[in-house]
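With the hints as constraints, model all of the structure from the sequences given.
The residues making up each chain are set out below.
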Amino acid sequence: GDSVTQKEGLVTLTEGLPVMLNCTYQTIYSNAFLFWYVHYLNESPRLLLKSSTDNKRTEHQGFHATLHKSSSSFHLQKSSAQLSDSALYYCALSEMLSGSFNKLTFGAGTRLAVCP
Amino acid sequence: DMKVTQMPRYLIKRMGENVLLECGQDMSHETMYWYRQDPGLGLQLIYISYDVDSNSEGDIPKGYRVSRKKREHFSLILDSAKTNQTSVYFCASRTGNSDYTFGSGTRLLVI
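Protein chains in written order, with the numbering used here: chain A, 776 to 891; chain B, 56 to 166.
Rather than coming from a laboratory, the hints here were simulated on the basis of the structure.
A portion of the hints provided could be inaccurate.
[As the list claims (entries may be wrong)] Here are a few chain B residues that face chain A, going by a calculated C-beta distance under 7 Å:
1) V74
2) G95
3) L96
4) G97
5) L98
6) D154
7) F157
8) S159
Keep in mind the model is a prediction, meaning the values are calculated, not measured.
Note that beta-carbon positions come from the ideal geometry of N, C-alpha and C, so glycine has one too.
Written as structure tokens, this is what we have:
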């Protein structure tokens, strides 16, 4: 079945440094969509960005990611970390079936802690 | 304001007790989900509901059952709760190719 791997459980950064959270995946579907969700403490997980297009950069709220099907990767990046970026980040995978998304398969999550 | 509402937010139960977690949505979304969130495991899918009385097991259904008698409501039931069911439970909904809308979660402690 589908799987998503986020190897880093915790990433600690100093404010202003670049962010890179790793995500790799396995799927048999060629039309897979990859997602990044952000989960702030005491809030609902919410979509940060998504992509299904190979080698196309997707950006939202200062974050960006590029889907690379050749390496099955969808790493999340930001040029300069802010204190408010501290949260739990999930990479997730879904395929499109008959015009609608199938279930989301999540990675284990990476907690980003940004320090002053 | 479109949202998914989960009740209760916090719950403490004794081992062996029955547990009912409620989820409601005001968007008429056909598909609803129950996930549990555990450190190091991420969000794991328990059950999917494609519409009223149309439910399917997810990846970890053992120990859980669900009920969906109205499109707006999706309940998760734990018959005889176990300590390893201590977790944070999230409900989500979507329609078509829309993005998921998640609830705020229910934090369950089984002692």
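Hint check:
1. V74: Since the shortest Cβ distance to chain A is 21 Å, the answer is violated.
2. G95: 6 Å, holds
3. L96: For L96 (chain B), the interface hint holds, since the closest Cβ of chain A sits about 6 Å away, which is under 7 Å.
4. G97: 4 Å, holds
5. L98: 4 Å, holds
6. D154: 5 Å, holds
7. F157: Because about 4 Å separates F157 (chain B) from the closest Cβ in chain A, which is inside the 7 Å limit, the hint holds.
8. S159: Since chain A brings a Cβ to about 5 Å from S159 (chain B), closer than 7 Å, the hint holds.
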